[in-house]
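Let the hints inform the model, and build the full structure from the sequences given.
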Amino acid sequence: MGWSEVFFKEVRGALLMVAALIATVTFSASIYPSGGFWQDDPHGKNIAGKPIMADKNMPKWREEWKSKERGAPRVFEVL
1 MGWSEVFFKE VRGALLMVAA LIATVTFSAS IYPSGGFWQD DPHGKNIAGK
51 PIMADKNMPK WREEWKSKER GAPRVFEVL
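So for the sequence shown, UniProt numbering puts the first residue at 1; every next one is plus one.
Since the hints were derived computationally from the structure, they do not count as laboratory data. Some clues are possibly wrong.
What the hints assert, rightly or not - If you anchor each label on the Cβ, the simulated ranges turn out as follows:
#1 K56 to V6: 24 to 34 Å
#2 P59 to A20: 33 to 43 Å
#3 V25 to K66: 17 to 27 Å
#4 K56 to V25: 47 to 57 Å
#5 K68 to G44: 53 to 63 Å
#6 R70 to D40: 31 to 41 Å
#7 D41 to E10: 46 to 56 Å
#8 E10 to F37: 16 to 26 Å
#9 V11 to P59: 40 to 50 Å
Each residue gets a CB set at the ideal place from its N, CA and C atoms; glycine is no exception.
Okay, structure coming up:
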């Protein structure tokens, strides 16, 4: 094996690792809402499991959620 074959094999492995990392981060960002979820609330003011941003600013949360719905599949198409 020549040096070029070894080099391209190493580069291919590194690119696959980077692509897997990008896919993982994108998937995680598309599933979890910004601000996180409400935790268990003994006082009953907040519903556990509901996105915090949806309670604080519903129009902004809807816009963000729609952009995530449109953007995540496109990233996976590229990969």
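A quick look at each hint next to the structure:
no.: 1; hint: K56 to V6: 24 to 34 Å; in the structure: violated (54 Å)
no.: 2; hint: P59 to A20: 33 to 43 Å; in the structure: holds (35 Å)
no.: 3; hint: V25 to K66: 17 to 27 Å; in the structure: holds (20 Å)
no.: 4; hint: K56 to V25: 47 to 57 Å; in the structure: violated (24 Å)
no.: 5; hint: K68 to G44: 53 to 63 Å; in the structure: violated (29 Å)
no.: 6; hint: R70 to D40: 31 to 41 Å; in the structure: holds (32 Å)
no.: 7; hint: D41 to E10: 46 to 56 Å; in the structure: holds (51 Å)
no.: 8; hint: E10 to F37: 16 to 26 Å; in the structure: violated (41 Å)
no.: 9; hint: V11 to P59: 40 to 50 Å; in the structure: holds (45 Å)
Violated hints, listed in ascending order, are 1, 4, 5 and 8; each of the other numbered hints is respected by the structure.
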